[in-house]
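For the protein sequence lines, the chains are A and B, in the order given.
Residue numbers for the first sequence follow our numbering, beginning at 1 and rising by one.
Residue numbers for the second sequence follow our numbering, beginning at 188 and rising by one.
Certain hints may be false.
As the list claims (entries may be wrong) - Simulated DEER-style distance windows between Cβ atoms:
#, chain 1, residue 1, chain 2, residue 2, range
1, B, 244, A, 84, 46 to 54 Å
2, A, 150, B, 217, 27 to 35 Å
3, B, 192, A, 59, 41 to 49 Å
4, A, 163, B, 215, 37 to 45 Å
5, B, 238, A, 35, 53 to 61 Å
6, A, 147, B, 237, 22 to 30 Å
7, B, 238, A, 92, 51 to 59 Å
8, B, 215, A, 35, 35 to 43 Å
9, B, 237, A, 87, 57 to 65 Å
10, B, 304, A, 106, 16 to 24 Å
11, A, 93, B, 238, 34 to 42 Å
12, B, 238, A, 62, 42 to 50 Å
13, B, 302, A, 93, 25 to 33 Å
14, B, 304, A, 160, 41 to 49 Å
Please keep in mind that the hints were generated in silico from the structure rather than gathered at the bench.
C-beta atoms are modelled at their ideal positions from N, C-alpha and C, and glycine is treated no differently.
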Amino acid sequence: MKKSTLILHIEAKTGKTKEERRENGKKSALERSALLKKSLRFDKAAYNRTLGEGAPRSPLLRNCLAAFLVGGGICLFAEALFRLFLSLALPDKMAGQTVSVILIFLTALLTALGIFDSIGRFAGAGTLVPVTGFANAVVSPAIDTKSEGLVLGVGAKIFTVAGPVLLFGVFSGAVYGLLYYLFLLIF
Amino acid sequence: MDLLFGLLKAFLFGGALCVLAQLLIDLTRLTPPRILVLYVVLGVALGALGLYRPFRALAGCGVSVTLLGFGGNVAEGVREAVEAQGLLGALTGGLTAAAGSSAAALCFGYLAALLSRGKPKRL
């Protein structure tokens, strides 16, 4: 939020202009500090409104179309690979995992070459939702933090996004496992 | 014909899941990492409710290659592990199911970092 907007915002909130506030200068220090407190009180609704006005409007339809085409295209490519592996007599599970690994490898390669960023900017959620989004979220901070060292730079920051994904995935899985175990015990 | 239909279904379902995420990004203030976490947890929930398997049978890679599939695999892995190992499986099943993708991302990510020059990200 710009500084001028903030001042306007405070004026609107307290209903005081510059002149009126100069008058306030004559009032006691106690009164003034009370007034300041009141004028600086954080109005969440008004703040969100101002924030919404300042944010750039993204063309929703264009974004959704790009996400649909690129995301669908990645899934189509994956399905074609999957069927190829099945026809090579790979078992179902292994074929699926191999497809994921290939997509992750391609993402790492394109990210390292600096191509993935521009694809991602165009596609939005189209590259985010397939496993490419997870892969990029791992590879990208790894590359960016190389200058901070291999252990506390790359090693730590590589989990910036993969960490939350693994944590919440594994945790909700464990909760489900506990419930399922109790279910098996009782029935 | 079956091949063509399978590819089309993967395209449509995969695309639709991406559009849903795009709507979440544009219309709410959810950031991409939150979307990833949301999809994984949603996938685990679908798997726990027994909905993931029929969904995958219908959409193929349209769902299995997404983060929803990642979560669904975790739930399936946990179920199998609990059936085989009892309560211990609740802990071992999830990471086992996620092992392939996670290890691939970590290893390729590290290699990419080693081989690249580590320029700061353009914003």
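Hints, verified against the model:
1. B/244 with A/84: 46 to 54 Å: 19 Å, violated
2. A/150 with B/217: 27 to 35 Å: Roughly 33 Å apart at Cβ, these two residues keep to the hinted range, so it holds.
3. B/192 with A/59: 41 to 49 Å: 33 Å, violated
4. A/163 with B/215: 37 to 45 Å: 23 Å, violated
5. B/238 with A/35: 53 to 61 Å: Holds, since residue 238 of chain B and residue 35 of chain A (Cβ atoms, about 58 Å apart) stay within the stated range.
6. A/147 with B/237: 22 to 30 Å: For residue 237 of chain B against residue 147 of chain A, whose Cβ atoms are near 48 Å apart, the range 22 to 30 Å is violated.
7. B/238 with A/92: 51 to 59 Å: Cβ of residue 238 of chain B to Cβ of residue 92 of chain A: about 19 Å, so the range 51 to 59 Å is violated.
8. B/215 with A/35: 35 to 43 Å: Taking Cβ atoms as reference, residue 215 of chain B and residue 35 of chain A lie about 37 Å apart, which means the hint holds.
9. B/237 with A/87: 57 to 65 Å: 29 Å, violated
10. B/304 with A/106: 16 to 24 Å: Holds, at about 20 Å.
11. A/93 with B/238: 34 to 42 Å: Given a distance of about 19 Å, which is not inside 34 to 42 Å, the answer is violated.
12. B/238 with A/62: 42 to 50 Å: Once the Cβ atoms are compared, 32 Å apart, the range 42 to 50 Å for residue 62 of chain A and residue 238 of chain B is violated.
13. B/302 with A/93: 25 to 33 Å: This hint holds: roughly 31 Å between Cβ atoms.
14. B/304 with A/160: 41 to 49 Å: Since the Cβ atoms of residue 304 of chain B and residue 160 of chain A sit about 20 Å apart, the hinted range of 41 to 49 Å is violated.
In terms of the numbered hints stated before, the structure departs from hints 1, 3, 4, 6, 7, 9, 11, 12 and 14, listed from lowest to highest.
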